[in-house]
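J.: Spelled out, the chains give:
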Amino acid sequence: MWKFILRRFLVMIPQLFLLSVIVFALAKQMPGDALTGVSMDPRISPERLYELREKAGLNDPWYEQYRRWISGIAQGDFGKSYTHKIPVSEVIAERIWNTVFLALITLILTYLLAIPMGIASGRFNDTWIDKVVTGYNYLGFATPIFIFALIMLFVFGFSLGWFPTGGSVDSKVDAGTFAYYLSKLHHVILPALSTALIATVGTVQYLRNEIIDNKYKDYARTARSKGIPETQIYTRHIFRNSLLPIAAFLGYEITGLVGGTVIIETIFSYPGVGQLFVSSIGLRDFSVVTAIVMMLGFATLLGTLLSDIILSVVDPRIRIE
Amino acid sequence: MEKPILQIENLTTSFKIKEKYYPAVDHVSFSVFENEIVAVVGESGCGKSALALSIMRLHNHQRTKIEGEIKYKERDLVDFSERQMNQVRGKEIGIIFQEPLTALNPLMTVGDQIEENLTFHTKLSKEKRRLRTIELLTQVGIPYPTRTYDQFPHELSGGMRQRVMISIAIACNPSLVIADEPTTALDVTIQVQILELLKSIQKDTKMGIILITHDLSVVAEVADRIIVMYAGQVVEIGTVKQIFANPLHPYTRSLLKSIPSQVTNKKRLHVIDGMVPSIVNMNRERCRFSPRIPWISRNAHEESPDLHEVAPEHLVRCTCYKHFYFKGS
Numbered sequence: 001m002w003k004f005i006l007r008r009f010l011v012m013i014p015q016l017f018l019l020s021v022i023v024f025a026l027a028k029q030m031p032g033d034a035l036t037g038v039s040m041d042p043r044i045s046p047e048r049l050y051e052l053r054e055k056a057g058l059n060d061p062w063y064e065q066y067r068r069w070i071s072g073i074a075q076g077d078f079g080k081s082y083t084h085k086i087p088v089s090e091v092i093a094e095r096i097w098n099t100v101f102l103a104l105i106t107l108i109l110t111y112l113l114a115i116p117m118g119i120a121s122g123r124f125n126d127t128w129i130d131k132v133v134t135g136y137n138y139l140g141f142a143t144p145i146f147i148f149a150l151i152m153l154f155v156f157g158f159s160l161g162w163f164p165t166g167g168s169v170d171s172k173v174d175a176g177t178f179a180y181y182l183s184k185l186h187h188v189i190l191p192a193l194s195t196a197l198i199a200t201v202g203t204v205q206y207l208r209n210e211i212i213d214n215k216y217k218d219y220a221r222t223a224r225s226k227g228i229p230e231t232q233i234y235t236r237h238i239f240r241n242s243l244l245p246i247a248a249f250l251g252y253e254i255t256g257l258v259g260g261t262v263i264i265e266t267i268f269s270y271p272g273v274g275q276l277f278v279s280s281i282g283l284r285d286f287s288v289v290t291a292i293v294m295m296l297g298f299a300t301l302l303g304t305l306l307s308d309i310i311l312s313v314v315d316p317r318i319r320i321e
Numbered sequence: 001m002e003k004p005i006l007q008i009e010n011l012t013t014s015f016k017i018k019e020k021y022y023p024a025v026d027h028v029s030f031s032v033f034e035n036e037i038v039a040v041v042g043e044s045g046c047g048k049s050a051l052a053l054s055i056m057r058l059h060n061h062q063r064t065k066i067e068g069e070i071k072y073k074e075r076d077l078v079d080f081s082e083r084q085m086n087q088v089r090g091k092e093i094g095i096i097f098q099e100p101l102t103a104l105n106p107l108m109t110v111g112d113q114i115e116e117n118l119t120f121h122t123k124l125s126k127e128k129r130r131l132r133t134i135e136l137l138t139q140v141g142i143p144y145p146t147r148t149y150d151q152f153p154h155e156l157s158g159g160m161r162q163r164v165m166i167s168i169a170i171a172c173n174p175s176l177v178i179a180d181e182p183t184t185a186l187d188v189t190i191q192v193q194i195l196e197l198l199k200s201i202q203k204d205t206k207m208g209i210i211l212i213t214h215d216l217s218v219v220a221e222v223a224d225r226i227i228v229m230y231a232g233q234v235v236e237i238g239t240v241k242q243i244f245a246n247p248l249h250p251y252t253r254s255l256l257k258s259i260p261s262q263v264t265n266k267k268r269l270h271v272i273d274g275m276v277p278s279i280v281n282m283n284r285e286r287c288r289f290s291p292r293i294p295w296i297s298r299n300a301h302e303e304s305p306d307l308h309e310v311a312p313e314h315l316v317r318c319t320c321y322k323h324f325y326f327k328g329s
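The listed protein sequences correspond, in order, to chains Y and U.
For the first sequence, position 2 matches number 2 in the UniProt record's numbering, and the numbering has no gaps at all.
For the second sequence, position 91 matches number 91 in the UniProt record's numbering, and the numbering has no gaps at all.
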């Protein structure tokens, strides 16, 4: 098991290297650089601008810039943010826990919604309850998340005023107190619920189909032949078998969520990595952008590894040697 | 005469296909006594497995209709509620399925799957259940029962899995065991072992066994009585001796002729022409086997044929048996 995980981490190195080349090349292709804003200022002479670019290393050939950037990353140094004037790692560190918290709450809500709906509609397929759930699924598939999130923000944030419309915590409470954590939760609920209500439909549909598939399988018939009441056939046999593919999918789900926060954090003005990503692109703060993309790439690879590990834990037929 | 464990009377099981019900088991009647092995034989699609699942009421009840009587120890299972039925399943009647890999839950250890029966039907403590399970595994001839207890189905061979299936079926000492093609998915050498195992278990417990198979050579070895089914109906019923020494119905005779034999040493095996009719497009008014023996004239058959007693306990359907001969002979 540990050998397997170590090997997977070693394989990640070339993958991340390739990603870094692509990310860097794409970032350089974007028009403008960190000093474009400065160049608009008429008080700054072109000579001074050249000097500034020279100092920042922006006049060097691309491979020289790449070498400097990648060797920095290898030592854990992602460079300095031009707009925030502090190291990139600090900029990200300020926000990453907000994003992790948001993603975690979203994930919990997604499964809290998906599991009962999937089981009910799979077990009682073609009844009214299944039709209600399936109808909801179609709506969920058809609704773009950014529109739904805006509606949620408008209704529950502005009109009803039940939830805050921005930020990650109330500025008036002291850090570390109980009220502080309560306020954090209060801020995260609306964006998390908006995402979960839409993101859950894929899992619901998957679980429903798995349950319908499993309830007619031979092992379920064997279980019935033992005289086990139907509800316990589900809890003891069918449910666990139906969860296998969903458990395997959990790792990928996490990656998707981390990527999805880009939109949701921007809509809810939630100070996380996603929002930082969007604003940094606008400001041409490349060192921040590239660092975030590298981080998302790493999260994706970790997610797939997590999926493999989860599957080997829940399915006795799959053992990692 | 002693009372039968199971007495089936005019059992008809119909499946719903496009809003209409079609009988797959059609007015079947027979009994099973203590310490007896009754074999049900016939081609695929003749209603054998549908019969087995009907006795346990394991069909999808939204699409299946069961009529007639299934009297288990004087009580009619057809009228039972699901809750009452669950007191019969696994406790009074056990069933062994054909495919031992798919019939076991892949995520549960063998021990847990056998123990489930005991959990639902006995008041044994956890430790006692474990001991009983290991005892069962020993009884069905598993070489390392304590190790197998913690293994998963995919870690066992086909024969071992079928032994596990058997131990699930007999866990609560049922009076009746239905074996639905228990040897079909196994190697020939293992088949014999499994049948001998069933027989030896029967010796200890005196249970009745319904053995469903399409393999007549299997039947000759172990069964006491034989029921030959064709297109959902019983076409011939008799003791093993009667059926093998004096087969009457054309279908029984054709089946027996299809068994490969080293004595006659023929170049080609006997083949029954045609196919089993589908339950949707079947003429239910005349002898159902007649389309497969077209060289026998229509007058030889009976209109809506019935079972006729030709000897004590030996029944044959339709009059065509009197006029039947093999094509080319």
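Please keep in mind that the hints were generated in silico from the structure rather than gathered at the bench.
Built from N, CA and C at the ideal position, the CB exists for glycine as well.
Any given hint could turn out to be false.
Simulated DEER-style distance windows between Cβ atoms [stated by the list, open to error]:
hint : chain 1 : residue 1 : chain 2 : residue 2 : range
1    : Y       : Trp97     : U       : Lys18     : 27 to 33 Å
2    : U       : Ser297    : Y       : Tyr216    : 43 to 49 Å
3    : Y       : Phe9      : U       : Ile17     : 52 to 58 Å
4    : U       : Glu302    : Y       : Pro245    : 54 to 60 Å
5    : U       : Val310    : Y       : Pro245    : 55 to 61 Å
6    : Y       : Arg319    : U       : Val271    : 52 to 58 Å
J.: If a hint holds in the structure, say so; if it does not, say that too.
T.: Hints, one by one, checked against the model:
1. Y/Trp97 / U/Lys18: 27 to 33 Å: violated, 59 Å
2. U/Ser297 / Y/Tyr216: 43 to 49 Å: holds, 45 Å
3. Y/Phe9 / U/Ile17: 52 to 58 Å: Once the Cβ atoms are compared, 56 Å apart, the range 52 to 58 Å for U/Ile17 and Y/Phe9 holds.
4. U/Glu302 / Y/Pro245: 54 to 60 Å: holds, 56 Å
5. U/Val310 / Y/Pro245: 55 to 61 Å: holds, 58 Å
6. Y/Arg319 / U/Val271: 52 to 58 Å: Since Y/Arg319 and U/Val271 have Cβ atoms about 47 Å apart, the given range 52 to 58 Å is violated.
Going through the hint list in order, the structure does not satisfy hints 1 and 6.
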